[in-house]
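Peer 1: Single-letter residue listing:
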Amino acid sequence: MQFFERLMMMDRRWVFLFLAAVCFFTYYVEYDVPIYVEPETERIYTFIDSLPEGDIILLAIDYDPNSMAELHPMTYTIVEHAWRKNLRLIITALSQNGPGMADQAIRDISDSLAMPATYNGVEYPAREIVNGEDYVFLGYKPYYALVILGMGQDFRLPFPNDYYGTPLDSLPMMRRVVNYDHVACVISLSSGTISDGWISYGQGRFGFPLFFGLTGVMTAQYYPFYGSGQLSGLMGGMLGAAQYEFLADNYGLARDAMKVQLPAHVIIILFIIMGNVGYFASRRRERLGGVS
Amino acid sequence: MTFGMYLWMTFGIFGTLAIFSFLYKDNPFYKFAEHLVVGVSAGYFVIILWHNGLTPNLFQRLADGDWYFLFLNSSRPEYLIPAFLGALMWTRFSQQYSWLSRWPMAMYIGIATGMAVPLEMANRINKQLFAMMNPIDFEHFFGTAGFDLLDPTSGLSQLIVFVGAMCALIYFYFSKAHEGIFGRVAKIGIYTLMIGFGASFGYTVMARISLFINRIQAIEAWRMVGFDNTNENYHSGFPIVFWVLMLGIVVYAIVEIVQYRNRPPETKQPAA
Chain A
1 MQFFERLMMM
11 DRRWVFLFLA
21 AVCFFTYYVE
31 YDVPIYVEPE
41 TERIYTFIDS
51 LPEGDIILLA
61 IDYDPNSMAE
71 LHPMTYTIVE
81 HAWRKNLRLI
91 ITALSQNGPG
101 MADQAIRDIS
111 DSLAMPATYN
121 GVEYPAREIV
131 NGEDYVFLGY
141 KPYYALVILG
151 MGQDFRLPFP
161 NDYYGTPLDS
171 LPMMRRVVNY
181 DHVACVISLS
191 SGTISDGWIS
201 YGQGRFGFPL
211 FFGLTGVMTA
221 QYYPFYGSGQ
231 LSGLMGGMLG
241 AAQYEFLADN
251 YGLARDAMKV
261 QLPAHVIIIL
271 FIIMGNVGYF
281 ASRRRERLGG
291 VS
Chain B
1 MTFGMYLWMT
11 FGIFGTLAIF
21 SFLYKDNPFY
31 KFAEHLVVGV
41 SAGYFVIILW
51 HNGLTPNLFQ
61 RLADGDWYFL
71 FLNSSRPEYL
81 IPAFLGALMW
91 TRFSQQYSWL
101 SRWPMAMYIG
111 IATGMAVPLE
121 MANRINKQLF
131 AMMNPIDFEH
141 FFGTAGFDLL
151 DPTSGLSQLI
161 VFVGAMCALI
171 YFYFSKAHEG
181 IFGRVAKIGI
191 YTLMIGFGAS
201 FGYTVMARIS
211 LFINRIQAIE
221 AWRMVGFDNT
231 NENYHSGFPI
241 VFWVLMLGIV
251 VYAIVEIVQY
261 RNRPPETKQP
271 AA
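For the protein sequence lines, the chains are A and B, in the order given.
Here the first sequence is numbered in our numbering, starting from 1 and rising by one per residue.
Here the second sequence is numbered in our numbering, starting from 1 and rising by one per residue.
Honestly, the hints are just simulated from the structure, not real lab data.
Here the structure is a predicted model, which means the values were calculated and not measured.
Each hint should be verified, as a subset may be incorrect.
From chain B, some residues computed to sit far from chain A (all C-beta separations above 10 Å) [unchecked claim]:
(1) PHE14
(2) ALA33
(3) LEU36
(4) LEU49
(5) PRO56
(6) TRP67
(7) LYS127
(8) GLY180
(9) VAL185
(10) VAL205
(11) LEU211
(12) ASP228
(13) TYR234
(14) VAL244
Here are the simulated SDA-like cross-link-like pairs (lysine to any residue), alpha carbons at most 20 Å apart as the crow flies [stated by the list, open to error]:
(15) B:LYS127 with A:ARG12
(16) B:LYS187 with B:TYR173
(17) B:LYS25 with A:ARG12
Don't be surprised by glycine CBs; every beta carbon is placed ideally from N, CA and C.
Next comes chain A alone, as it looks inside the complex (with noise of 0.2 Å):
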């Protein structure tokens, strides 16, 4: 039998096994993989950066624990940028089981901001951050398209009260806040379809800058939305987290990941390749009169 034949009738689970060995081999060694940043996630970190201290951003995580791995390096990151630069943050989580996973990550980056740290050279102070004076966390509501719609005529009719059961008008960063014309942005953080409904009843309706963080099988399918201006800029799964830890200067889990993607994706182009050709190589030979 020939080489490349019994490289096509090969188990599938070995290409398994190796990929899964040469992943955890080379999350162990050392060494920094160059990051290219592109200009969509470069526009998201740029706007984020430019704005004025107290300004607002709403930020949706739209997503579920089934999506922690490319999207929650995103919030931590963004999240993180924004509050150390003084930023206000509304935080809704508009996939079903995704709340409790964003309480969690809110009071991980909250404890995180009590220690000073420096990036791209400026030292930012320790800071607390304070439920209702720098964020407001709203939660989860059904129907995302009814939510979005109604946020855009005022926060208080889809979320009457915060996640933590507080009545918005009693905190004191919502008092002259009533709907999107006072955020200076929305960035979305999606997993699913809920990404179309910011497009079609967030920015279609209201027109607010919409940045996208989407994860990796999403990503193509929306730079339609990019070219055309609907989308201020766009985040692709986990290199496009890594790329704005690169740009804030915070390495974190997905900056750490790269150097796993880059030998993973190395293999599995190696493995296509090998397959195409054995699968042409075997087709030539029965086209010769060889075995069938």
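Starting from the known structure of chain A, fit chain B onto it as the hints suggest.
Peer 2: Showing chain B alone in chain A's frame:
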């Protein structure tokens, strides 16, 4: 981290390994983890819906009324209408009255359609068409800020998008045979589609590997917590829990190998 929290962390790692074990073959650990995910998701969703949806948006808005007046004396009695329509959904469990559930369904679908059609048309179709019809920006043909072939807003990108979209549309025109010049244009269309599918595939591969890397990071964090005796909450039970799970994996692997070796010999099927 307390010992109890470490046990939960270990359970999470067990769940991860149980799910990945499906790549080897279907097994009871995978089935357990699969059912656990579905059950936990459903249970969590019900509680979230109750506390984040029904309580603030319905119960609290009717709370100043009296139940013996059916809350008609509350300050927001109009909220009884959606409550009544929502209750009608439960008639689906009765064969005799299930037709009543069509009323809230009809209302929901009607509102959703009325809301969606103009906005979807304007934002997902018209704006995309307008973007494609923009005049080619010859002034910034090779990039809006200097020479950049990857700039999606450059004139060159606009031209590629326009030509690709037209060719892809022609590929889906089946009233004329794909021959001659028409066939060649349709072929460019299918190449454009293949490039699009390839980009999606590349991103999908990255997404799947990302999920795996995230689990590697979780396993590494679990291992580090298990042996980090500088942690003030370190418990001598941490490494024991770690090694118990490791032992379980090794035992399972040995059982599988023994079963594989003792499998009955494969019988060759007679040729048809």
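Peer 1: Does each hint hold? Answer for all of them.
Peer 2: Consistency of the hints with the structure:
no. : hint                   : in the structure
1   : PHE14                  : holds, 16 Å
2   : ALA33                  : holds, 13 Å
3   : LEU36                  : holds, 13 Å
4   : LEU49                  : violated, 6 Å
5   : PRO56                  : violated, 5 Å
6   : TRP67                  : holds, 21 Å
7   : LYS127                 : violated, 6 Å
8   : GLY180                 : holds, 29 Å
9   : VAL185                 : holds, 21 Å
10  : VAL205                 : violated, 6 Å
11  : LEU211                 : violated, 5 Å
12  : ASP228                 : holds, 17 Å
13  : TYR234                 : holds, 20 Å
14  : VAL244                 : holds, 21 Å
15  : B:LYS127 with A:ARG12  : violated, 45 Å
16  : B:LYS187 with B:TYR173 : holds, 12 Å
17  : B:LYS25 with A:ARG12   : holds, 12 Å
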